[in-house]
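Q: Top to bottom, those sequences are chains P and S. If you're matching positions, the first sequence starts at 424 in the working numbering and goes up one per residue. If you're matching positions, the second sequence starts at 424 in the working numbering and goes up one per residue.
Hints in this document: simulated from the structure, not taken from any laboratory. This structure is a prediction, so every number in the text was calculated from the model and none was measured. Certain hints may be false.
No copy is singled out in the list; a pair is fine if it fits within one copy or between any two copies.
[Claimed, not checked] Below, in silico cross-link-like pairs of lysine-lysine (BS3-like), each with a Cα-Cα straight-line distance of 25 Å or less:
hint, residue 1, residue 2
1, Lys-694, Lys-509
2, Lys-487, Lys-672
3, Lys-455, Lys-766
4, Lys-672, Lys-501
5, Lys-455, Lys-487
6, Lys-455, Lys-486
7, Lys-478, Lys-766
Protein chains: 2
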Amino acid sequence: MTLEKHQNKRIMGKSKVLVVGATGYIGKRIVKASLDQGHTTYVLQRHEIGLDIDKLQLLLSFKKQGARLVEGSFSDQKSLVEAVKKVDVVICTLSGVHFKSHSILMQLKLVDAIKEAGNVKSLSYDLFAYGKGSDSRLATKHVSRFLPSEFGMDPARMGHALAPGRETFDQKMIVRKAIEEAKIPFTYVTASCFAGYFVGNLSQLETLTPPKDKIYLYGDGNVKAVYMDEDDIATFTIKTIDDPRTLNKTLYMRPPENILSQRKLVEIWEKLSGKELEKIIISGEEFLASMEDKDYAAKGGMGHFYHISYEGSLTNFEIGEDGEEASNLYPEVICTRMDEYLKIFL
Amino acid sequence: MTLEKHQNKRIMGKSKVLVVGATGYIGKRIVKASLDQGHTTYVLQRHEIGLDIDKLQLLLSFKKQGARLVEGSFSDQKSLVEAVKKVDVVICTLSGVHFKSHSILMQLKLVDAIKEAGNVKSLSYDLFAYGKGSDSRLATKHVSRFLPSEFGMDPARMGHALAPGRETFDQKMIVRKAIEEAKIPFTYVTASCFAGYFVGNLSQLETLTPPKDKIYLYGDGNVKAVYMDEDDIATFTIKTIDDPRTLNKTLYMRPPENILSQRKLVEIWEKLSGKELEKIIISGEEFLASMEDKDYAAKGGMGHFYHISYEGSLTNFEIGEDGEEASNLYPEVICTRMDEYLKIFL
């Protein structure tokens, strides 16, 4: 098969997808979206799953819905290469929560596996179609798209981030560099405030459900964030994978109706519940001071929270030429509005 | 409402159910079965859920399916009493896995809450219908049925069990004693080998999926166990709650097609997969010796495993007058056969 035919195959059919990290919070939604949008979907079943029955049964439920489980391990590079070879698109959704330093090592292993799978493929094309190819030609025959585990604030804009939370961004940038150096086609899906973590609790720390009496407002409460149902994030993510417009670009999500201030979010809940909450203003200085005595992971999470809630890191920039906005590209996707989302908490 | 009318209400309608421990392995299936069988289903939403987003989203998915969440905490006895007062039947599915000693304390608190809820109800009946009642009359007005967290081997038959696994049985007997002393109507649902833990792995330890080459057979491999899909266990459990035949009795599950030896189970898999496995016989002595260097929890689990796999503790007795067999009572329930169950692993 020549490169041209290979590309045609992609245009005519839907790409085959491998999801790595499929049992995670975002991963399980990505698998569902991939199946829903008609992609042949492979899921890495890691040996490390051990005796985690919930994860195994989640994987088996994917299989029942049509996904194909492929066994592999990050301790067995060959197994990763074999898994990658089965597909056109690789999506990594390994958790970076709790600032797991091994997540970056796993992602770099995955990048290596994609390189290796690509080079092997190229070699066989070369022999049949082109003869011996140059290095640059080899590099074009990787998977058609790799989506590393992003789904957070755009790390390219977070060089100023607070320690220790900045580690997450630094690690994502290292993975991006490895991808780009290997000339692997990519899309970086930056996400918004996951509704599960930011909306049910009206952006309060230490709870996941709406407060009953009083609420902390960050600064004046007017900083704009983007609140998204995680299923919509997954839908947009899968939409991008065969889309030439998102090739080697960063995807941002800013559906107009999902851009809200915290004050507006609270107002929506008050209207739904029919009860006004006492509001306590927390200044940026107070918030930063409250981080001091927290442990490493909590400090990291609170730092991210600070950037979103006080600096507006999700909305305080224009999307440039290296980016695309999801609701603009895919107006057919109807995103859940947060007044709808909050109703389940009534 | 008089006692007679109260009883009529139960006969005419389906009882209202409260599930405590609803996000657990068995609990989530019990909730589904309760909703499927048309019961108004309440689920205790514990404050202790904290930042566990998976548990919260599971609870919200129950709510979307029609369950009612009721907030409460084991640190707030009044909240338990209020939750119990809403229903006729209480089902506890708190995990006893890892030999959590606080599980027994929580169950005893629940028994107390049922007693308290019952007494308050009685008092109001007494005032309007009977005047001051005797203690024995008070005792008849508890919830109509309580199912404690059993779902394992029948603890009444496990007085000889190996330490430290015997703790589970001892604790269940303490809970039973509290229930019976309080004259709370009960059903003890003893279960069988959960397919998730015993079938996918062909009863091997340290894996949940079928071994690829060799398999350990326990003794001659001919001891009979009962292998059940957990959804069927939940279906039977809900069937019992309004059934006078299971009042103050123990339910055993022995659908004829689900009673199999380990050897037969392996044979089924070999036939499905088309591959014969090397069999390694482990004598009872060898198995017991292999427990020696294990930690507390593993030793406990292995002890249970020994009773099932070598002694046949699920099948080595006749069901007496204090018990009923599920497939006999509910022949309309078609249980998943293990050849069907194993197909997902192909």
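Q: Evaluate each hint against the coordinates.
A: How the hints compare with the structure:
no. : hint               : result
1   : Lys-694 to Lys-509 : neither (50 Å within a copy, 28 Å between copies)
2   : Lys-487 to Lys-672 : neither (34 Å within a copy, 37 Å between copies)
3   : Lys-455 to Lys-766 : both (23 Å within a copy, 22 Å between copies)
4   : Lys-672 to Lys-501 : neither (29 Å within a copy, 56 Å between copies)
5   : Lys-455 to Lys-487 : both (12 Å within a copy, 19 Å between copies)
6   : Lys-455 to Lys-486 : both (11 Å within a copy, 21 Å between copies)
7   : Lys-478 to Lys-766 : between (29 Å within a copy, 18 Å between copies)
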